[in-house]
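Trainee: Please model the entire structure based on the sequences and the hints provided.
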Amino acid sequence: MTGRVIRFPQRGITPEEVEGSTERILALPLEDRTALAGELRLEEPDVLLSLAARLRDRLDTSPVTVCDEAGFVYRFLQTPERPIGLFDEREYFLGEFALLAGTACRQLSRRDESRLWFDRSEAGFRHTMNAVADLSRLAYQRLALRMEERNLEAVLELSPSLVQSFRKLTMPQEELKARFLEGLALMESEKLGEAVEVFQKICREAESLGSEKLLASAYGNLTHLYGMQGDVERALEASRHAIPVLRRLEDRVALAKVQWGIATLLRETGQITAAIEAYREAQTEFETIGMRADVAALHLVVADLLLELGQEAAATQSVLAAIPVIQELNMVPEGMAALQLLRESLREQRINRPALRELHGYFQEIR
Amino acid sequence: MWFLRLTKRGGGPQMPAKALRLSLLSAACQYGRSLQMWKLGGRPSGDEGLNRVLSREPEDLAMDLQTRFDEDV
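Heads up: the protein sequence lines correspond to chains S and P, in order. Residue numbering for the first sequence follows our numbering, starting at 1 and increasing by one per position. Residue numbering for the second sequence follows our numbering, starting at 1 and increasing by one per position.
Note that these hints are calculated values from the structure, not bench results. Be aware that a few hints might be false.
[Claimed, not checked] In silico BS3-like pairs for lysine-lysine, Cα to Cα no more than 27 Å straight-line:
#1 168/S <-> 213/S
#2 8/P <-> 213/S
#3 213/S <-> 201/S
#4 18/P <-> 213/S
#5 191/S <-> 201/S
#6 168/S <-> 18/P
#7 168/S <-> 39/P
#8 168/S <-> 201/S
#9 191/S <-> 213/S
#10 18/P <-> 8/P
[Unchecked claim] Some chain S residues close to chain P (C-beta under 10 Å, calculated; not the full set):
#11 14
#12 34
#13 38
#14 40
#15 45
#16 49
#17 52
#18 53
#19 72
#20 83
#21 85
#22 88
#23 92
#24 129
#25 134
#26 171
[Stated by the list, open to error] Label-pair restraints from in silico Cβ distances:
#27 60/P <-> 330/S: 41 to 47 Å
#28 328/S <-> 70/P: 50 to 56 Å
#29 16/S <-> 56/P: 40 to 46 Å
#30 209/S <-> 68/P: 41 to 47 Å
#31 68/P <-> 167/S: 24 to 30 Å
#32 168/S <-> 69/P: 38 to 44 Å
#33 64/S <-> 18/P: 38 to 44 Å
#34 330/S <-> 31/P: 35 to 41 Å
#35 4/P <-> 79/S: 27 to 33 Å
#36 201/S <-> 70/P: 30 to 36 Å
#37 39/P <-> 330/S: 55 to 61 Å
Ideal Cβ placement from N, Cα and C applies to all residues, glycine included.
Mentor: This is the structure in structure tokens:
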């Protein structure tokens with residue numbers, strides 16, 4: 001940065017102008033925006049800040065849209081190189097929009113794309129004045145990606161350090177989010193009691209912070225955990241705390257996961273038909289959001305339950321619907337053997353149930 | 001304006017404004033340095049003290065200032 005001449009600031013724009021520009025930008029098709037960039041004030045840092053906030057709010061409602069929108073803004077800022085705002089603002093916005101695109105791709109299980117976006121984000125954030133905070137938020141997303149890849153040991157090893165970083169930076173909400181990862185890794189490792197303790201603590205702290213979203217998400221995870229433990233009363237109680245808030249916040253991803261939790265509870269308590277129905281509801285919701293990996297995972301879980309009911313033909317249909325997605329998204333590189341066994345058994349028209357269970361064991365807690 | 005936007009980054013306000021003091025000092029040093037270099041038009045100043053300050057990275061200078069403030073507190 002040495003020797004760089006800084007532009008003097010121009011007149012700021014009013015909050016109403018920022019709001020108006022944000023609305024106009026989002027209402028316009030992506031391909032029409034660049035030509036109207038000046039009129040839309042696409043280079044105004046206040047507008048970019050507002051756009052980023054709007055997209056962040058939509059991550060749990062419409063990750064597909066966020067991925068497209070954030071990718072567009074990133075490319076607009078990057079090529080040709082445009083001077084944006086003051087000091088480090090161009091680099092910050094490049095990092096932020098890449099982080100949003102990467103997070104959306106992670107939600108959609110487009111993991112290679114997600115990794116590339118995170119690398120781009122790092123390239124921007126490395127040059128910001130508050131790089132430690134920005135890079136820590138990025139580290140959280142990278143760890144969440146590892147969680148989805150079931151790299152549990154890495155998550156359990158690295159999450160305490162991330163929690164500590166956010167604590168030092170006095171970023172309490174981010175600190176709680178990092179502890180979510182620890183709780184999820186414990187849940188995946190079948191340390192259900194420890195995971196319950198983590199989420200109960202998160203609930204208490206989210207409440208004292210006044211963070212409805214984190215509180216409801218934590219209750220959502222408790223619904224699932226109690227469901228796995230077969231504790232009907234507590235699972236339903238947790239879901240009652242989670243569902244109304246998540247509905248109000250339109251957090252469709254978390255809502256679908258709570259639905260998944262309820263389905264697990266029904267399965268654990270032997271209500272197979274009701275469980276299948278509940279899994280299918282969760283599946284429909286994931287389908288609408290565009291989370292194809294979760295749809296595929298639930299196809300396998302449902303297939304297993306259909307076998308339980310002796311409905312082999314329906315179970316076969318369910319497995320057949322899942323396999324192409326699993327292969328396309330390269331969802332379980334560690335479960336390839338089980339996948340192969342399952343495909344062979346389909347050719348022989350008799351589902352290999354241990355292979356099916358092994359495979360959906362990989363997916364079951366991917367959230 | 002820049003600092004106000006800095007506090008809103010990442011969906012903020014996430015960090016208390018006080019925790020962003022170093023970022024503010026860095027920006028101020030960078031801004032001041034840029035202005036002085038523009039005024040000098042690439043020539044060294046007659047003031048040796050100013051030349052010494054200008055030869056340093058703004059971030060280093062900001063860290064020194066922050067340490068001094070902390071000591072004063």
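Trainee: In ascending order, which of the hints set out earlier in this document are inconsistent with the structure?
Mentor: When the structure is compared with the hints, numbers 7, 11, 12, 13, 14, 19, 20, 30, 32 and 34 turn out to be violated.
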